[in-house]
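Enquirer: With chain A held as given, fit chain B onto it using these hints.
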Amino acid sequence: MKQFDTVQKIEAILSSIDSIEKADASPLFYSRLQLKMSKEKHGRYTHVIRFFAQPVVSIAAMFILILLNGFAISNLWQQQRQVPSTSTSINNFAKEYDLAISTAYEQ
Amino acid sequence: MEESQLIISLQNGDETAFATLVKSHRQMVFNTALGMIQNHEEAEDVAQDVFIQVYESISGFKGEAKLSTWMYRITITKCLDRIRRSNTKKRFAVVQSFFSKSSLQTNEPVNFYHPGVQLDRKEESAILFKAIAQLPDNQKIAFTLHKVEGLNYQHIAEVMQTSVAAVESYMHRAKQNLRKQLTAFYENNNYEYETI
Numbered sequence: 001m002k003q004f005d006t007v008q009k010i011e012a013i014l015s016s017i018d019s020i021e022k023a024d025a026s027p028l029f030y031s032r033l034q035l036k037m038s039k040e041k042h043g044r045y046t047h048v049i050r051f052f053a054q055p056v057v058s059i060a061a062m063f064i065l066i067l068l069n070g071f072a073i074s075n076l077w078q079q080q081r082q083v084p085s086t087s088t089s090i091n092n093f094a095k096e097y098d099l100a101i102s103t104a105y106e107q
Numbered sequence: 001m002e003e004s005q006l007i008i009s010l011q012n013g014d015e016t017a018f019a020t021l022v023k024s025h026r027q028m029v030f031n032t033a034l035g036m037i038q039n040h041e042e043a044e045d046v047a048q049d050v051f052i053q054v055y056e057s058i059s060g061f062k063g064e065a066k067l068s069t070w071m072y073r074i075t076i077t078k079c080l081d082r083i084r085r086s087n088t089k090k091r092f093a094v095v096q097s098f099f100s101k102s103s104l105q106t107n108e109p110v111n112f113y114h115p116g117v118q119l120d121r122k123e124e125s126a127i128l129f130k131a132i133a134q135l136p137d138n139q140k141i142a143f144t145l146h147k148v149e150g151l152n153y154q155h156i157a158e159v160m161q162t163s164v165a166a167v168e169s170y171m172h173r174a175k176q177n178l179r180k181q182l183t184a185f186y187e188n189n190n191y192e193y194e195t196i
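Top to bottom, those sequences are chains A and B. With this note's numbering applied, the first sequence covers 1 to 107. With this note's numbering applied, the second sequence covers 1 to 196.
Bound conformation, chain A alone:
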């Protein structure tokens, strides 16, 4: 009996919006809409700000920045490892421009 009651109540709830009437917005809708449109028109950078304010965009931008930083740091580190010692580079320079000091013994 109780189960029958519940079924009846559920059916009553399901049919509660069968004869629903359409709701309408407030009479000031159009003037509010115009106000909103003019505000959006004047806010020139609103779209750009709104785009960057999206969590997806800001998180993606943060990851790109982190990646770029990581790439730059690893590049710098590699360059530092490859830089030859000062004495070797001076010797190479001297060899290239034939600046080796000749001594009397060599002549």
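Any given hint might turn out to be false.
Lysine-lysine pairs mimicking DSSO-like chemistry, simulated, CA-CA at most 27 angstroms apart [unchecked claim]:
| no. | chain 1 | residue 1 | chain 2 | residue 2 |
| --- | --- | --- | --- | --- |
| 1 | B | K175 | A | K22 |
| 2 | B | K23 | A | K39 |
| 3 | B | K147 | B | K175 |
| 4 | A | K36 | B | K122 |
| 5 | B | K23 | A | K9 |
| 6 | A | K36 | B | K147 |
| 7 | B | K147 | A | K22 |
| 8 | A | K41 | B | K62 |
| 9 | B | K90 | B | K180 |
| 10 | B | K62 | A | K9 |
| 11 | A | K36 | B | K23 |
| 12 | B | K175 | A | K9 |
| 13 | A | K22 | B | K23 |
| 14 | A | K39 | B | K180 |
| 15 | B | K175 | B | K122 |
It is worth saying that the hints were derived from the structure and are not from the lab. Owing to the predicted nature of the structure, the values given are computational and were not obtained by experimental measurement.
Expert: Just chain B, lined up with the frame of chain A:
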């Protein structure tokens, strides 16, 4: 003004045509948004956004669908966006409450009373709207467009860009899910709702 004429005028940026469009489609957009979002102020805000988007993108409207169908699609998309954003905010508030000393301020949805429901059925409809809000998106869209907006299955299929059979399936599953939810609801709150 005929629809094709109205579209041409809108594409030419005619302000009077836009006012006519708002006047003729305001109820349709607002009622759909209200059924989906179940909040008067937010529904009006979404309805405004829909008309702004229509104004901005009418130049790209090629007339492949009826103007009303196109506007229903925009309304539904905006509503789903709004609902997702609101759910994200709620989840963020829950996470934030774990890290803050203050207790969680629960934004439990208050009962929604649709202004178009008969007075003697308001309580029942509030329970139903609460259950509709829990439905998956496709079922919610089909059920709301059919029951609240009064569209037939053919028109709903055009709005959702699917077949009539798919809409029938969404409706069938929506009713099944609603029955399940309401049964569970009655089993948990039997005492409170004995009086209804």
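Enquirer: Kindly indicate which numbered hints from before are broken by the structure, ordering the numbers from low to high.
Expert: Hints 4, 5, 6, 10, 14 not satisfied by this model.
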